[in-house]
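Asks: Residues per chain are reported as follows:
Number of protein chains: 2
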Amino acid sequence: MSDKIYRVDMSNLTYKIEDVPADWMGLGGRGLTSTIIAAEVDPECHPLGPNNKMVFAPGLLSGTTAANSGRNSLGTKSPLTGGIKESNVGGTIAGVMAKLGVKALIIEGIPEDDSTFYHVHVTKEKVLIEAVPELVGKNNYFVLDAMEEKYNKKVAVMTIGRPGEMKMLISNISVRDPKGKLRSHGRGGVGAVMGSKKIKCITVDAQNYKEVTYAQPDKFKEASKVFTKALQDNPISGEGLPAFGTNVLINIINEAGGLPSHNFRSGHSENAEEICGETMAEKIKERGGSTTHGCHAGCVIQCSQTYNDKDGNYLTSGFEYEMIWAFGANFGIKDLDQIAKIDALMDDLGVDAIETGVTFGVAVDAEIIKFGDGVEAYRILAEEIANGTPLGRVIGGGAGNLGKLYGLVRVPVVKNQSIPAYEPRAIKGQGITYVTTPMGADHTAGYAVATNILNSGGFVDPLKKDGQVELSRNLQIASAAVDSTGMCIFVAFPALDDPKCLPALIDMINARFGISLDGDDVTNLGSTILKIEHAFNLKAGLGSADDRVPEFMKYEKLPPHDAIWDFTNEEIDEFWNF
Amino acid sequence: MSDKIYRVDMSNLTYKIEDVPADWMGLGGRGLTSTIIAAEVDPECHPLGPNNKMVFAPGLLSGTTAANSGRNSLGTKSPLTGGIKESNVGGTIAGVMAKLGVKALIIEGIPEDDSTFYHVHVTKEKVLIEAVPELVGKNNYFVLDAMEEKYNKKVAVMTIGRPGEMKMLISNISVRDPKGKLRSHGRGGVGAVMGSKKIKCITVDAQNYKEVTYAQPDKFKEASKVFTKALQDNPISGEGLPAFGTNVLINIINEAGGLPSHNFRSGHSENAEEICGETMAEKIKERGGSTTHGCHAGCVIQCSQTYNDKDGNYLTSGFEYEMIWAFGANFGIKDLDQIAKIDALMDDLGVDAIETGVTFGVAVDAEIIKFGDGVEAYRILAEEIANGTPLGRVIGGGAGNLGKLYGLVRVPVVKNQSIPAYEPRAIKGQGITYVTTPMGADHTAGYAVATNILNSGGFVDPLKKDGQVELSRNLQIASAAVDSTGMCIFVAFPALDDPKCLPALIDMINARFGISLDGDDVTNLGSTILKIEHAFNLKAGLGSADDRVPEFMKYEKLPPHDAIWDFTNEEIDEFWNF
Chain A
1 MSDKIYRVDM SNLTYKIEDV PADWMGLGGR GLTSTIIAAE VDPECHPLGP NNKMVFAPGL
61 LSGTTAANSG RNSLGTKSPL TGGIKESNVG GTIAGVMAKL GVKALIIEGI PEDDSTFYHV
121 HVTKEKVLIE AVPELVGKNN YFVLDAMEEK YNKKVAVMTI GRPGEMKMLI SNISVRDPKG
181 KLRSHGRGGV GAVMGSKKIK CITVDAQNYK EVTYAQPDKF KEASKVFTKA LQDNPISGEG
241 LPAFGTNVLI NIINEAGGLP SHNFRSGHSE NAEEICGETM AEKIKERGGS TTHGCHAGCV
301 IQCSQTYNDK DGNYLTSGFE YEMIWAFGAN FGIKDLDQIA KIDALMDDLG VDAIETGVTF
361 GVAVDAEIIK FGDGVEAYRI LAEEIANGTP LGRVIGGGAG NLGKLYGLVR VPVVKNQSIP
421 AYEPRAIKGQ GITYVTTPMG ADHTAGYAVA TNILNSGGFV DPLKKDGQVE LSRNLQIASA
481 AVDSTGMCIF VAFPALDDPK CLPALIDMIN ARFGISLDGD DVTNLGSTIL KIEHAFNLKA
541 GLGSADDRVP EFMKYEKLPP HDAIWDFTNE EIDEFWNF
Chain B
579 MSDKIYRVDM SNLTYKIEDV PADWMGLGGR GLTSTIIAAE VDPECHPLGP NNKMVFAPGL
639 LSGTTAANSG RNSLGTKSPL TGGIKESNVG GTIAGVMAKL GVKALIIEGI PEDDSTFYHV
699 HVTKEKVLIE AVPELVGKNN YFVLDAMEEK YNKKVAVMTI GRPGEMKMLI SNISVRDPKG
759 KLRSHGRGGV GAVMGSKKIK CITVDAQNYK EVTYAQPDKF KEASKVFTKA LQDNPISGEG
819 LPAFGTNVLI NIINEAGGLP SHNFRSGHSE NAEEICGETM AEKIKERGGS TTHGCHAGCV
879 IQCSQTYNDK DGNYLTSGFE YEMIWAFGAN FGIKDLDQIA KIDALMDDLG VDAIETGVTF
939 GVAVDAEIIK FGDGVEAYRI LAEEIANGTP LGRVIGGGAG NLGKLYGLVR VPVVKNQSIP
999 AYEPRAIKGQ GITYVTTPMG ADHTAGYAVA TNILNSGGFV DPLKKDGQVE LSRNLQIASA
1059 AVDSTGMCIF VAFPALDDPK CLPALIDMIN ARFGISLDGD DVTNLGSTIL KIEHAFNLKA
1119 GLGSADDRVP EFMKYEKLPP HDAIWDFTNE EIDEFWNF
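Chains A and B supply the protein sequences, listed in that same order.
Each residue of the first sequence is one higher than the last, beginning at 1 in my numbering.
Each residue of the second sequence is one higher than the last, beginning at 579 in my numbering.
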């Protein structure tokens, strides 16, 4: 049976199961979510109003045996940026949806009765929508446990915590990973959109599915083998990430002078030794945790981990570079265990590591909290944010809005979304990605760090302007295509350096569907996606004046390189000429 | 001696007194402030950063004996809207500046040492800039008293209260009126810009000036007589406003079904009887107040008043329709005395009546406060806002930002600025002004209420779309020109209906400067100003997607007429085709 579009209308609690329109047939992941949002959502609508939609779609290779193909895309109009958003996540959801034949799940409308929250359960034949008053006010793990119990673990789960219910702009949509921990559709306040639709959780039947089929099974297997080997042979995806996790980047980026510290006042952190990946790996080994853990089935990189406390008790997992940077370097907590405790709490609340962490950095300038005070940060999360107090709302609105409330000028956001762990002044290619991607400041949209710092795909000097616009454009086109396959962003490393990797990826898609894409088709797909997203944003009111770093980066020098952001507007705007 | 440009650079506490460039010679008020801001301020700059400027300029007729010519313009990039702002005010400042020969006072830069606030004193020959630690943390009347004592009352004063120091987006810049009360450069968070420049107060020497001169004194006198008579003969400016103040509008707009109530849920308020101008005039008479008071010298309308409490003690003045609507109808306080107490407190704090009042209306939806709870609103102002607590910051950021923090969809703002006391759905010409004016929702930018409701300048049915775009455009062009003369907005009433009024106004300008403008010149001036402002906004990132009412007004019917906002985007965007 062919894949279907599952469409849920929350305004009357009904659903339809529709055939896939011919135009959408060849699309998956980001390509599909952005196409549907652009086709069906008024770019001028209020992101939390009845006319916004959420589209969940697995990638083209999700559900297959291809390594690292377990990413699921969510598309919507972001209440944080006001523009289009695609956010993808690992966990079990992509595989389950693909195997069940859910090409996309579209959620539209808002219930008239907003006095409760609903649970949406998707099965092959139908969608159940029922009120779950018993889950209202609960956080993610409570919901996860309740759903796993209800369905005897044969279910994929997506959920929001209390901040999502309260429509806070730092809120995520969390999903279960293979070990029962949480991963998140992050950035852009997507949890608030789910909250606005009064959906507490979405489950997808993981019992009654069939394995996906392959038009050319042998060809698929062969390509898959080449692809897996490319991932394993690459020094970053095959060695660095498995050994130290993403947090291997702390020392690398710090040494490059591009690790934002003290709310983006320096590119160098005095805390690096205490919080780096090497220190973390040591502690994990000492304490009986695990340095390797895959966020979705079929992951051969295993960059996640299990992090225990001093007594060997479980503290957190999915403990990533961005989280550790935001709270450790930028906000200044020296104690990795304290950061881990905050990480676990944030998973349960369902709030975004980057947006929340950067907001705490800005909150230091607002004199709300002292630099490095992890105890108070934990308290604010557990008491103020979880309960939606005025202070909780102030932090829960994200860095850009906090800056507006406190009259601050040094607010590191692009399109109102917090800038991640790479300083745009010192890693300029990454800066071009931040300002031009339709997503708002997003490090995954075109990871120029690869070529600026990691010598992957050649080398472009991070401190010079030359070549950065072209680098970022090529990476963003490639990423938009990769985000449509269900592949994890880290396939970029072998793809940039191993000539066998990308052809193998394309071969897998061809073998899965019995088609014959080539490299140009993939590039065209990426270009088309970017242009669709950019056009949506222009109509939504995000034009070239929004493709900018915060102004202070143009006149404030960043130590240690005394780097400033020196691109002219014309140089940036040139990005869109393709 | 000819007029000069006074330019203060706060980055090094220096000043220059410059000749007026030829291009600026024929400009005053809004025409001059918008021209200077567009010429000298990067539209992409942070409004609270070092590259924004403030320009104060009296109107072309300010300082003359012309009736109602006492308005002073302030131009800046607004931190609330992100676009250009012109805000004009009565009081004594315009006349004093004009007589002293200050064509414009430009403030630029931000002090390196931000540990204190400064006092800027402008005299004919020089500008004094000195730290005033003793005024930091004080509110407006304290500053006013201190300055009047220091200069033996021979001084015009502009000041910010604590919210302005804290750069809150609801903050105004207040100025002394002829009776020692306060008027305000309101809207758009202009107090925050002054706060960002670390200026607590600006004084202008009112002792050593010369009366303005006239190229043709007799012609001026004659035209002035005709103009004054037109103001006095008009039923609105000559009778309604003097008798009941601006608050005469409560009953009129309520009966028209266009008085926003319960956070813009209805066009009709159940509180009208208790808060209307007629009730207010009665109370004033009973309690020994005064129904007439001019906000600047030479005012013949005298729409302001002195409002006493039950015991005959002074409570407030400058007690206007917008304030009484916002707190009485939209937020629901029935007790006029309670609203008056809040008004007096807000004058002292220096916060905007419309922005603050509408924010309290939205705060009801956020469950921060109960509808109509004036005691709690007073407490929040006096304790939370004055002290910059998290709750104070939440309210102090204005309605649009509060809506973002609390995930609200029903947020009545245009370009993030609160919509004033006329419902766009029920008074559609006024709605067109809100969405198209470069100022953000601003009722004075093109007061279509005149022709939609008051039968001034003909009649255009307020509930129909026909003719509204043209009406608003004509009014906005005329208003931009009038805002350049220093004239009060209420000259619009005779100007629309008495064929002798506008020619007399033009004759006064001609006689003052020895020039020969005609009606077309004035229209061209107005058009040019609008286009300069619009071009600035486009570069600042405010495009057609920002020329919109909040989306809920497109699908939520407004009682009693069940009116919706039914303009297409194309119909609105047609506004700029001139």
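Where hints are given, some of them may not hold.
Unchecked claim - Simulated pairs of lysine-lysine, BS3-like, Cα-Cα distance not exceeding 27 Å:
(1) K225(A) x K16(A)
(2) K582(B) x K539(A)
(3) K776(B) x K198(A)
(4) K554(A) x K888(B)
(5) K948(B) x K863(B)
(6) K807(B) x K702(B)
(7) K531(A) x K1117(B)
(8) K198(A) x K210(A)
(9) K1117(B) x K557(A)
(10) K888(B) x K948(B)
(11) K539(A) x K776(B)
(12) K210(A) x K225(A)
Claimed, not checked - FRET-style restraints, in silico, Cβ to Cβ:
(13) P1138(B) x D145(A): 32 to 40 Å
(14) E618(B) x S527(A): 33 to 41 Å
(15) D1151(B) x S11(A): 46 to 54 Å
To be verified - In silico contact screen, one side only, chain B against chain A (beta carbon under 7 Å); selected entries:
(16) P756
(17) K757
(18) N965
Simulated from the structure, these hints should not be mistaken for laboratory data.
Cβ atoms here follow ideal geometry from the backbone N, Cα and C, with glycine treated the same way.
Asks: Now look at each hint and say whether the structure bears it out.
Replies: Okay, the hints, checked on the actual structure:
1. K225(A) x K16(A): Since the Cα atoms of K225(A) and K16(A) sit roughly 39 Å apart, the hinted pair is violated (cutoff 27 Å).
2. K582(B) x K539(A): Distance ~44 Å between K582(B) and K539(A) Cα, so the pair is violated.
3. K776(B) x K198(A): With a Cα-Cα distance of about 45 Å, the restraint between K776(B) and K198(A) is violated, given a limit of 27 Å.
4. K554(A) x K888(B): The given pair, whose Cα atoms are some 58 Å apart, is violated under the 27 Å limit.
5. K948(B) x K863(B): Cα-Cα ~32 Å, so violated.
6. K807(B) x K702(B): violated, 35 Å
7. K531(A) x K1117(B): Holds, at about 22 Å.
8. K198(A) x K210(A): Violated, at roughly 31 Å.
9. K1117(B) x K557(A): holds, 26 Å
10. K888(B) x K948(B): holds, 26 Å
11. K539(A) x K776(B): Violated, at about 38 Å.
12. K210(A) x K225(A): It holds: about 23 Å lies between the C-alpha atoms, which stays within 27 Å.
13. P1138(B) x D145(A): 32 to 40 Å: The hint (32 to 40 Å, Cβ to Cβ) is violated, given that P1138(B) and D145(A) are roughly 51 Å apart.
14. E618(B) x S527(A): 33 to 41 Å: holds, 40 Å
15. D1151(B) x S11(A): 46 to 54 Å: With a Cβ separation near 30 Å, D1151(B) and S11(A) fall outside 46 to 54 Å, so the hint is violated.
16. P756: With a minimum Cβ separation of about 32 Å from chain A (threshold 7 Å), the hint on P756(B) is violated.
17. K757: violated, 32 Å
18. N965: violated, 12 Å
Checked against the numbered hints above, the structure violates hints 1, 2, 3, 4, 5, 6, 8, 11, 13, 15, 16, 17 and 18; every other hint is satisfied.
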